[in-house]
Amino acid sequence: MISKFQIASKNLLRKKTRTGLTLVGIILSSWVLVSLLGFNRGYEKALNRDIDNMGYQIMVMAKGCPYEAATMMLQGGAGLRYIEEDVVKTIKARPEVDKVTPILMQAFFDPNKGDGGGIAGYFGVDLATFPAMKPFLRFHKGGWFADANAAEAVMGYEAAELEQREVGDLILVPEKNVQLKVVGILQRTGTQDDGTIFVPLRTLQKISGLDKITTIGIKAKKDADLTGLEASLYQLPDMQVVSFSQVKQTIMKLIATARVMVLSIAVIALLIAMVGVVNTVLMSVLERKHEIGILKTMGAMPGDIFRLVWTETLILCASGGILGIGLALVFARLSDLLVRRALPYAPGGELVAIDPRLSLLTLLTIVAVGLLSGMYPAWKAGRIRPLDSIRSDA
Amino acid sequence: MSASNSIALEARDLTRIYGRGSEEVRALDGVSLQIRKGEFVSFMGPSGSGKTTLVNLLGCLENPTSGELDLAGRRIFGNGEVVGERDLTRIRREIFGYIFQNFYLIPTLTVRENVALPLAFYRKPGVEGEVEALLKQLGLEHRMNHLPGQISGGEMQRVAIARALVNRPEILLADEPTGNLDTTRTGEIGEILQQLNRSTGLTILMVTHNPDLGRLGGRHIEMRDGRACEA
Numbered sequence: 000m001i002s003k004f005q006i007a008s009k010n011l012l013r014k015k016t017r018t019g020l021t022l023v024g025i026i027l028s029s030w031v032l033v034s035l036l037g038f039n040r041g042y043e044k045a046l047n048r049d050i051d052n053m054g055y056q057i058m059v060m061a062k063g064c065p066y067e068a069a070t071m072m073l074q075g076g077a078g079l080r081y082i083e084e085d086v087v088k089t090i091k092a093r094p095e096v097d098k099v100t101p102i103l104m105q106a107f108f109d110p111n112k113g114d115g116g117g118i119a120g121y122f123g124v125d126l127a128t129f130p131a132m133k134p135f136l137r138f139h140k141g142g143w144f145a146d147a148n149a150a151e152a153v154m155g156y157e158a159a160e161l162e163q164r165e166v167g168d169l170i171l172v173p174e175k176n177v178q179l180k181v182v183g184i185l186q187r188t189g190t191q192d193d194g195t196i197f198v199p200l201r202t203l204q205k206i207s208g209l210d211k212i213t214t215i216g217i218k219a220k221k222d223a224d225l226t227g228l229e230a231s232l233y234q235l236p237d238m239q240v241v242s243f244s245q246v247k248q249t250i251m252k253l254i255a256t257a258r259v260m261v262l263s264i265a266v267i268a269l270l271i272a273m274v275g276v277v278n279t280v281l282m283s284v285l286e287r288k289h290e291i292g293i294l295k296t297m298g299a300m301p302g303d304i305f306r307l308v309w310t311e312t313l314i315l316c317a318s319g320g321i322l323g324i325g326l327a328l329v330f331a332r333l334s335d336l337l338v339r340r341a342l343p344y345a346p347g348g349e350l351v352a353i354d355p356r357l358s359l360l361t362l363l364t365i366v367a368v369g370l371l372s373g374m375y376p377a378w379k380a381g382r383i384r385p386l387d388s389i390r391s392d393a
Numbered sequence: 000m001s002a003s004n005s006i007a008l009e010a011r012d013l014t015r016i017y018g019r020g021s022e023e024v025r026a027l028d029g030v031s032l033q034i035r036k037g038e039f040v041s042f043m044g045p046s047g048s049g050k051t052t053l054v055n056l057l058g059c060l061e062n063p064t065s066g067e068l069d070l071a072g073r074r075i076f077g078n079g080e081v082v083g084e085r086d087l088t089r090i091r092r093e094i095f096g097y098i099f100q101n102f103y104l105i106p107t108l109t110v111r112e113n114v115a116l117p118l119a120f121y122r123k124p125g126v127e128g129e130v131e132a133l134l135k136q137l138g139l140e141h142r143m144n145h146l147p148g149q150i151s152g153g154e155m156q157r158v159a160i161a162r163a164l165v166n167r168p169e170i171l172l173a174d175e176p177t178g179n180l181d182t183t184r185t186g187e188i189g190e191i192l193q194q195l196n197r198s199t200g201l202t203i204l205m206v207t208h209n210p211d212l213g214r215l216g217g218r219h220i221e222m223r224d225g226r227a228c229e230a
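These protein sequence lines map, in sequence, to chains A and B. When we follow numbering that gives the first Met the number 0, the leftmost residue of the first sequence carries the number 0, and every step to the right adds one. When we follow numbering that gives the first Met the number 0, the leftmost residue of the second sequence carries the number 0, and every step to the right adds one.
Next up, chain A with everything else stripped away, as it sits in the complex (with noise of 0.2 angstroms):
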């Protein structure tokens, strides 16, 4: 006829503006809360496959900061020291090394680029060794280069729409005047790669007037002892060895600290909706103390009492945490976009990942809270005496 459940929803109903402000509360808590453990997930899953689809588990270059050269490798950047070819031949022929790619990063001054002007990345990469360190690389239009030698590039997919290019157009290396013919356009990866321009090593090193190289790519075999192979490349005069995997710690353990302190904003922030709540319900149930009396002299037993009490607590939160994971869902992009501006580097695709199973986590942690929080009112009605209720209306 009437459930506890209606009895508790309409119950919510009576005070609607105190119950939408704690509304409110609970939906902003569990949108932060998702948004921050989606990007906790989506950020580190990012950095992984931006660092798995370098292809290369360690890269060797000049000495000077590794992790200034790595994040500007993971970015596109250039300005980095020289080495001699001749390194890639000595490297190769370590056993633990399966495969070897030297890299040219070259930088040149772009006046037409942004307001005033800006920065033209280019990587000059060998035909032979580069794609197949890459195998994961798929066209969108086009393919590779027809030779080491030719005056051509292939466009990430960023860098292509960015510059409204398509296979067939011809691009001017700035500074230089050099033309060369766009070939191939990547698929999007979600990677570096799809704000970079891709040129033949030896057409780059034409270009500049250079016969080295900036950066070796290494890619070791299975089973490999990376470890080892880190030490003996150590050896090597005046070079700088930079494993991924411990870019990739350096910059988890950086992030890791903003995320313990916005984790910890988010958990008081919940704390501070949850005492809404609390400050909710039991104003609710002092209000009601005559009816929840009458309640009892009709039969209810402090237990329904409480679970009626509960049920509301249980109402709020829940409605309150999927409204907030339903904005979460709804403005990722937007939360992407903010957290994309505020941190110096940031991973290409996805940065905040809320997926289904991170949403029903957080509503179960905003659900088991807020009826941890609901216990105190629910017990303090369950114990109300019906007499004491009529008493005190006299």
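Hints in this document: simulated from the structure, not taken from any laboratory. Computed from a predicted structure; not experimentally measured. A few of these clues could be false.
Said to hold, decoys possible - Here chain A is said to cover these stretches of chain B; the calculated rule only asks that three of the stretch's residues, wherever they fall, bring their Cβ under 8 angstroms from a Cβ of chain A:
| hint | segment |
| --- | --- |
| 1 | 81-88 |
| 2 | 94-100 |
| 3 | 108-117 |
| 4 | 120-131 |
We put the beta carbon where it would ideally sit given N, CA and C, even for glycine.
With chain A's structure known, arrange chain B on it following the hints.
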């Protein structure tokens, strides 16, 4: 329907003492009485005379300080033990229906939902269809989907009566049921209670200040200084 010879309720030497600071207030002072099934008893007397205290004890809303109470031959109070709230609730929901001066309807529930409210917690076998029957009997059919705020005070008390009767209690306890109503509505409620007593044999214990309403009961008990005397 007139009162039968079987005993609905029997109190012996019921006493209730309240503590007010260091002072003791003897609200009820050794009341003994017997009420037969189907009786309509009105308790009258000045404020503080102990009539509400007596009805609260008879209605198992609280424990007496001393004395005995039997309901339908079953000992409730007087075994030398304080009856706990759970046990009192079990007794109340089996035997009693209550109406009060303030109707205590839930403002967000419709008339129909308010009447059905006790069934959410306890449902006696065979009470299916009781809500509709009571709404019809008390002339509330046309108001069943209205909220309490949309009906008159007299109608609110009729809703409270229907709610008290939905689980078919043996005894109806009415504490100043017309205290918030005007003369016309008081008459209406009095007639309804009298009608219920006559047609269904419902035992009614009513506390009232109103002599006209008090006269509706077949038996009058006058309360004075915590003691009861038949009028």
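To see whether the hints hold, each was checked on the structure:
no., hint, in the structure
1, 81-88, "holds (count 3)"
2, 94-100, "holds (count 3)"
3, 108-117, "holds (count 5)"
4, 120-131, "holds (count 3)"
Consistency note: the structure conflicts with none of the earlier hints.
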